[in-house]
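Sequences listed follow chains S and B, in order. The opening residue of the first sequence carries number 167 in this note's numbering; numbering runs sequentially from there. The opening residue of the second sequence carries number 62 in this note's numbering; numbering runs sequentially from there.
Since the hints were derived computationally from the structure, they do not count as laboratory data. Heads up, a few of these hints could be off.
Not the full set, but computed from the structure, chain S residues with beta-carbon under 7 Å of chain B [what the hints assert, rightly or not]: (1) Phe191; (2) Val252; (3) Phe365; (4) Ala425.
If you want the footprint, here are the derived chain S segments under chain B, 3+ residues with CB under 8 Å [stated by the list, open to error]: (5) 258-267; (6) 642-652.
Don't be surprised by glycine CBs; every beta carbon is placed ideally from N, CA and C.
In case you want the letters, here they are:
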Amino acid sequence: MTDGVNGVALTVFILFFVAVTVMGFLAARWRKAENEHSLDEWGLGGRSFGTWVTWFLLGGDLYTAYTFVAVPAAIYAAGAAGFFAVPYTILVYPLIFTFLPRLWSVSHRHGYVTTSDFVRGRFGSKGLSLAVALTGILATMPYIALQLVGIQAVLDVMGLGGGENTNWFIKDLPLLLAFGVLAAYTYSSGLRAPALIAFVKDTLIYLVIAVAIIYIPIKLGGFDDIFAKAGEAFAQTNPATGAPRGALVPGEAGQWGYATLALGSALALFMYPHSITATLSSRSRDVIRRNTTILPLYSLMLGLLALLGFMAIAAGIEVDNGQLAIPQLFENMFPDWFAGVAFAAIGIGALVPAAIMSIAAANLFTRNIYKDFIRPDATPAQETKVSKVVSLLVKVGALVFVLSMDKTVAINFQLLGGIWILQTMPALVGGLFTRWFHRWALLVGWGVGMLYGTAAAYGVASPTQKHFGGSSAEIPGIGEIGYIGLTAFVLNVVVTVVLTFFMRAVKAPEGVDETSPSDYTADAGDPGVRVELAKETSGDPVH
Amino acid sequence: MSDVSGVREEKPAASRRPLVTPVRVVIAVCLVAPFVALLWVGSYAKTEPVFIGIPFFYWYQMAWVLVSTGLTMIAYQLWQRDQRARAGGASR
C-alpha cells in the first residue's frame, strides 16, 4: 500500500481538486441576491434552488464520501448485513414525501432556518428548541470528522499518508490543505459553494460507478465468480469470534437487526441538520416532492457500489483497515489515470457534505443558541457573521478530532449520533402534524431516549472493542437483536405520550403556538410566504 | 386557498370534502408498500433465483429501488390531481 506515490493518479486528483476549489470561490457570484448579508443567503442559498440543483445538492449531501467508503467496507467485512443501506435509502423517500413539504411551508411562512426554529415556534419552548439544537450539533460533528476519514483513506492509498514513522505534520499536510481550502470557500460562498461543487461530485461518482460495475466484473470473471469467491471467504471462521466471518444472506437471527437498522436509519436521516438545510434551500414545496421521485437514482447507485465490497474480496484485496478496501480495489483494478478520477470522486464527495454539515451546525448555533440565549437583538448581518465564524470552528473541531484521536472514536460517535438524532423526531415530525404532544413531555421523552440509547450503545462489546462495539442490542421485551436507536425512539414516544396525558390532566402551561394550520400547506406564491419571510429576516422582534 | 387546505388537513369535519377518499387510500398504499416489502426481511433472505450471477437477496432489493420510485411517482401524480381538484372546488 505504501509502495511509493502513484504519480499519475495524484496528478489527476489534484487537477480535479483545483478545479472545484476555483468553482467554490466563484460560487459566491452564482445567482447572487441583493441582500447577501442575511442568513437566508449565506446559509440557505437564498432559498432559491430548483428541482435539479436540489437533486444534486441533496444527493451530494446525503450520499457522503464516508458512505461510499463505509458501505462497501461493511459488505467486505461481513457480507449481507452491510446491505441494509439499500432498504434504508429506499424507505427514506416515502417518509420525506409525507412530512418535509409541511416543514418547508411553515419554515417559509415564518422564516425558520433550522428545525429548532420550528420547534421553538410551534411549542413556544426555548428549552425543547435548545435540546433539538444541541442534539443536531452533537450528531453532526462526528459526521464531519468521518468525511475527513474518507479523504484520508484515499490519500493513504495514493501513497500520500506516509509510513507510521513519518513526521505527523508532513503526514497530515495534504489533509490540512484540503480542509483549509474547504473552510475558505464555505466561509465566503456559503451554501452556494457545495451546491455548485455537487454537480462535479455527482457526475464523477456516477461515472466511476458505471465504469466500475462493468469493468471490474469483466476482469474478475463475472458476478458468478465474484459471489462464489465471496461465499467461500465468508464461510471461513473468524479466529476472533469463532463464528463464520459473514454470510451472503442474513440468517434468521440477523433479520430483526437488518430491518430495524434500515427503518431506524431511514427515520433518522432527515432529522440531521444538513438534510434539512439542503431541503429548506429549495424554491418551492413541489421541488421537494418531485425530488423524492428522482433521488432514488442515488440509492440504485449505492446498491451497485455496495457490490464493490464483494468484488474487493474476489480480487483478493487484503487490508487491515476495511475502510481502505475500496480505494485499494480501484488502485489495483483501474489504470492509474482512472484511479485518479475515482479518488477525486471520493475526495470531492467528502467536501460537499462537510461544507453543508458545517453550515447546518453553524446555523443551529447561531439561531438557537446565540440568538435565543446570548444576543436576542442580533441583526441578520450579525447572525450571518456568527454563522460564518462558527462554520470555521466546527471544521477545525472536526479536524482536531480526527488528527488527535483514534479513527474508531469518530466512528463510535457517529454511531451514537444516529441514535441521538432520532430522538428529536417526536418533537419535529410530531409537531408538523399535531400540537397534541406537550412540550415538557417531549423534552422528557427526548431525555429518556438519549440516556437509554447512549447506555445501551455503551454496553455493546465487539471482538475489538469493549464498548460501542456496534449499534444493535437485544430489544427488551422482544428478545431479538435490533437497532438501539429504534428501541430508544419507541421508548421516547411511549414516555412522551404517557406524560402528555399527565400534563394535560394537571393543566400544565402549553406554551404559545405561533403557527396556524394554513402555514403547513402554504406554497411559494401564496399570500404571506415571501412577505413574512422578508419581515422576519429584517430582524422584526416577533419571538 | 391556504385557508381551505388548512381546514381540510386539521379539521376534516368542517370541510365539504371527506379527508379520506379512494384516491388518498391509493396514495397511502403506494407510500406504505415499500415498508411492508423491505422490512419483511424473511421474504427475500435467500440466494435463489440468481440473476446474472447476483443472489436474489441483492437484486431483489435493488429492484425495489425502481418499484418504490414508480410508486412514489404515482403517489405524486395522484396528489397533484387531488390538490388541483380541491383548489378548483374551492372556487378560486
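With chain B as the partner, please determine if S:Ala425 meets the hint condition of a C-beta pair closer than 7 Å. 4 Å, holds
Tell me if S:Val252 is really an interface residue toward chain B, meaning its C-beta lies closer than 7 Å to one of theirs. Where the cut-off is 7 Å and the nearest Cβ of chain B is about 5 Å from S:Val252, the hint holds.
Would you settle whether the hint for S:Phe191 is holds or violated, based on the nearest Cβ-Cβ distance to chain B being less than 7 Å? 36 Å, violated
Under 8 Å between beta-carbons, do enough residues of the region 642-652 of chain S, three at least, approach chain B for the coverage claim to hold? violated (count 0)
Annotated coverage of the region 258-267 of chain S by chain B, confirmed only when three residues or more have a Cβ within 8 Å: Since three or more residues must qualify, the claim that chain B covers the region 258-267 of chain S holds, with 4 doing so at under 8 Å.
When the nearest CB of chain B is found for S:Phe365, is that gap smaller than 7 Å? 22 Å, violated
Of the numbered hints given earlier, the model fails hints 1, 3 and 6; all others are met.
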